[in-house]
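Starting from the given sequences, assemble the full structure and let the hints guide the process.
With my numbering applied, the sequence shown closes on residue 978, and no number is skipped along the way.
Think of the hints as simulated: they come from the structure by calculation, not from any bench.
Glycine residues also receive a C-beta, built at the ideal position from the N, C-alpha and C atoms.
Some hints could be false.
Claimed, not checked - No more than 27 Å apart at the CA atoms, straight line, and that leaves these computed lysine-lysine pairs for DSS-like:
| no. | residue 1 | residue 2 |
| --- | --- | --- |
| 1 | K917 | K899 |
| 2 | K747 | K767 |
| 3 | K767 | K750 |
| 4 | K917 | K887 |
| 5 | K906 | K848 |
| 6 | K694 | K752 |
| 7 | K747 | K761 |
| 8 | K707 | K747 |
| 9 | K865 | K906 |
| 10 | K750 | K698 |
| 11 | K848 | K887 |
| 12 | K752 | K770 |
Stated by the list, open to error - Label-pair restraints from in silico Cβ distances:
| no. | residue 1 | residue 2 | range |
| --- | --- | --- | --- |
| 13 | K917 | E797 | 52 to 60 Å |
| 14 | Q821 | A695 | 20 to 28 Å |
| 15 | E699 | D763 | 33 to 41 Å |
| 16 | Q706 | R854 | 44 to 52 Å |
| 17 | A743 | R829 | 40 to 48 Å |
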Amino acid sequence: MAVDKDLLQLDLYGLLGVGEKASEKEVKKAYRQKALTCHPDKNPDNPQAAEVFHQLSQALAVLTDAAARAAYDKVRKAKKQAAERTQKLDEKRKKVKLDLEAREREAQARDNEEEEIRITRTLEQEIIRLREEGSRQLEEQQRLIREQIQLERQQRIQGSRVGSGAEGRVTPKLKLKWKCRKEDETGGGYSKEVLLRILQKYGDVLNLLISSRKAGSAVVEFATVKAAEMAVKNEVGLTDNPLKISWLEGQPRNNPSNVLSDSSGQPRTSQPGAVHQKTQIMETHRQARPGQLWKQFLGESKADC
Numbered sequence: 674m675a676v677d678k679d680l681l682q683l684d685l686y687g688l689l690g691v692g693e694k695a696s697e698k699e700v701k702k703a704y705r706q707k708a709l710t711c712h713p714d715k716n717p718d719n720p721q722a723a724e725v726f727h728q729l730s731q732a733l734a735v736l737t738d739a740a741a742r743a744a745y746d747k748v749r750k751a752k753k754q755a756a757e758r759t760q761k762l763d764e765k766r767k768k769v770k771l772d773l774e775a776r777e778r779e780a781q782a783r784d785n786e787e788e789e790i791r792i793t794r795t796l797e798q799e800i801i802r803l804r805e806e807g808s809r810q811l812e813e814q815q816r817l818i819r820e821q822i823q824l825e826r827q828q829r830i831q832g833s834r835v836g837s838g839a840e841g842r843v844t845p846k847l848k849l850k851w852k853c854r855k856e857d858e859t860g861g862g863y864s865k866e867v868l869l870r871i872l873q874k875y876g877d878v879l880n881l882l883i884s885s886r887k888a889g890s891a892v893v894e895f896a897t898v899k900a901a902e903m904a905v906k907n908e909v910g911l912t913d914n915p916l917k918i919s920w921l922e923g924q925p926r927n928n929p930s931n932v933l934s935d936s937s938g939q940p941r942t943s944q945p946g947a948v949h950q951k952t953q954i955m956e957t958h959r960q961a962r963p964g965q966l967w968k969q970f971l972g973e974s975k976a977d978c
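Here is the structure:
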């Protein structure tokens, strides 16, 4: 875990909101509480959140490692003592002190410099060791943070599904298609991360499944119908490889059933038989268990191959 030297100029205890005598358990608890409030995933519109989260992570790395913390405390204590001595001196005593120090400064300058270099080198060595070995404790704490965020997200999703279940509604799902050869390792420019970055600007994405059987095909499940409608209406994907987006499930009933839309914004008329077949598929999806939709999508992908 790399630790920035600039971070050592900060008050790591104050950054986490703990005292100098705080135990390792208290340090970890304070880190989790503060990291949750400024995690980048929970603050996508705050550019400073990522920097604060990074500083908290590095503070945790130093304060939960005994050797690194001891070196940091020593440097911090020396600076604090020097500041306190200077603050307590009144003008008269300060003048006397400065006169006395002026006589001794030349003789002691080298010793003081060597001592500071030694202390700093010890701290830098601990930082290098942390960088080379990594911080397992930091990784564990960040894993717990990610799990807690995921749990909160799932709880919100489940609450939304329970609230809408009485009306027989389902979450909206869209089918995505793009040009891609099977041997193309880049997936035509669309990885899961790329698709999420494109689609999440319209709203929360509950699930995203890229077909492993048919290249250039995926299905996305949005949390709200509005987000899905905006994606169908506005999204075109990458300039050099456009997306074709169509409804798979959850299309609002007030939309004309005989007009299907893709991401190009051009309506196209389907045949009556296709409309009837689409309606049957939609009803089947509404009655299916949650995992069956993804199995059916894989089946459709296999049939298209």
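Structure-based check of all given hints:
1. K917 with K899: holds, 18 Å
2. K747 with K767: holds, 25 Å
3. K767 with K750: holds, 21 Å
4. K917 with K887: holds, 15 Å
5. K906 with K848: holds, 13 Å
6. K694 with K752: holds, 18 Å
7. K747 with K761: Answer holds: K747 to K761 is near 21 Å, not above 27 Å.
8. K707 with K747: Holds, because 25 Å separates the two Cα atoms, which is no more than 27 Å.
9. K865 with K906: At roughly 21 Å apart (the allowed maximum being 27 Å), K906 and K865 satisfy the hint.
10. K750 with K698: holds, 22 Å
11. K848 with K887: holds, 13 Å
12. K752 with K770: Distance ~18 Å between K752 and K770 Cα, so the pair holds.
13. K917 with E797: 52 to 60 Å: holds, 55 Å
14. Q821 with A695: 20 to 28 Å: holds, 22 Å
15. E699 with D763: 33 to 41 Å: Distance hint for E699, D763 holds at roughly 38 Å.
16. Q706 with R854: 44 to 52 Å: With a Cβ separation near 49 Å, Q706 and R854 satisfy 44 to 52 Å, so the hint holds.
17. A743 with R829: 40 to 48 Å: Holds: the Cβ-Cβ distance is about 43 Å, inside 40 to 48 Å.
Of the hints listed earlier, there is not a single one the structure fails to meet.
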